[in-house]
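K.L.:
With the sequences and hints as input, model every part of the structure.
Protein chains: 2
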Amino acid sequence: MTDADVTVPAALPELDPVIHAQARLRVMTTLSTVAEGDRLAFPRLQELLDMTAGNLSTHLRKLEDAGYVGVDKAYRGRTPVSWVTITRRGRLAFEGYHEALRAYLGGRND
Amino acid sequence: MTDADVTVPAALPELDPVIHAQARLRVMTTLSTVAEGDRLAFPRLQELLDMTAGNLSTHLRKLEDAGYVGVDKAYRGRTPVSWVTITRRGRLAFEGYHEALRAYLGGRND
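Protein sequence lines, in the order shown, are assigned to chains A and B. For the first sequence, my numbering begins at 6 and goes up steadily by one. For the second sequence, my numbering begins at 6 and goes up steadily by one.
If you're looking for bench data, these hints aren't it; they were derived computationally from the structure. Just so you know, not all the hints are guaranteed correct.
The list treats identical chains as one, so a pair stands whether inside a single copy or across any two.
[To be verified] Straight-line C-alpha distance at most 20 Å; calculated SDA-like pairs for lysine to any residue:
#	residue 1	residue 2
1	K67	A26
2	K67	R83
3	K78	R107
4	K78	S62
5	K67	D55
6	K78	A26
7	K67	R94
8	K78	G101
9	K67	Q27
10	K67	V23
11	K67	P48
12	K78	A98
Since we're looking at a predicted model, the values are computed, not measured.
P.N.:
So, in structure tokens, the structure goes:
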């Protein structure tokens, strides 16, 4: 066995921890597919991600606190429904996250 | 604002939580650049990742428990040094992680 040194291809950038947590990464990835100006019903998002309402709410709150998503309450008939959007700031942060992630994926020669 | 639905391009696969945690992702990314059969000194890994010895040890232990890295104790002169390697199983898990991650990156049209 050889005592190796490595030339790390490039410094590995910080990955935004608000986005990196797996549950929130799934939320952001799904919301990023929604066209700008559109919004997604909370129950539909829950179904797509197969998350409990409580768990999804917790993660949405963290994303909302960071200004990455917006949650609006409205009514569908008589039923209250929350609508979820990704904000402009959220899209930018998500793009930055993707760019940072590519540095990790590019770090390996495959 | 339109009430959107989305066609999620593909189910988002589970990302191995042992690897996904940012600190361990950095460790695995760095170790994956070391040629097969080579090993890296603990202090060098610490320096590359700019982590405290305690923090790095904690994460290495989790990776070791999963069978993804091996840690060997040896002496460099009279000084005890730990040597870190990525295992075959670790390389395979890391490849699987990369593949899963690409599903997330491909989920956006950019």
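K.L.:
Determine for every hint whether it applies to the structure shown.
P.N.:
Each hint, compared with the structure:
Within a single copy, K67 and A26 get their C-alpha atoms as close as 11 Å, and across copies as close as 18 Å, so both meet the 20 Å cut-off. Taking CA atoms no more than 20 Å apart as the test, K67 paired with R83 passes in neither setting, with 28 Å inside one copy and 50 Å between copies. Taking the closest pair of Cα atoms, K78 and R107 never come within 20 Å of each other, the shortest separation being 36 Å inside a single copy and 34 Å across copies. Taking the shortest alpha-carbon separations for K78 and S62, only the intra-copy value of 13 Å comes in at or below 20 Å, while the best inter-copy value is 46 Å.
For a Cα distance limit of 20 Å, the shortest separation of K67 from D55 inside one copy, 19 Å, qualifies, whereas the shortest one across copies, 28 Å, does not. Neither within a single protomer nor between protomers do K78 and A26 lie at most 20 Å apart by alpha-carbon distance, with minima of 25 Å and 33 Å respectively. In this assembly of identical chains, K67 and R94 lie within 20 Å of each other by CA distance solely inside one copy; the values are 14 Å within and 35 Å between copies. Taking the shortest Cα distances, K78 and G101 never come within 20 Å of each other, neither inside one copy (29 Å) nor across copies (39 Å).
With identical chains, the CA atoms of K67 and Q27 are at most 20 Å apart both within one copy (13 Å) and between copies (18 Å). In this homomeric assembly, K67 and V23 come within 20 Å of each other (Cα to Cα) only inside a single copy, at 7 Å, whereas the closest approach across copies is 23 Å. In this assembly of identical chains, K67 and P48 lie within 20 Å of each other by CA distance solely inside one copy; the values are 18 Å within and 36 Å between copies. Taking identical chains as interchangeable, the C-alpha atoms of K78 and A98 are never at most 20 Å apart, the minima being 24 Å within one chain and 42 Å between chains.
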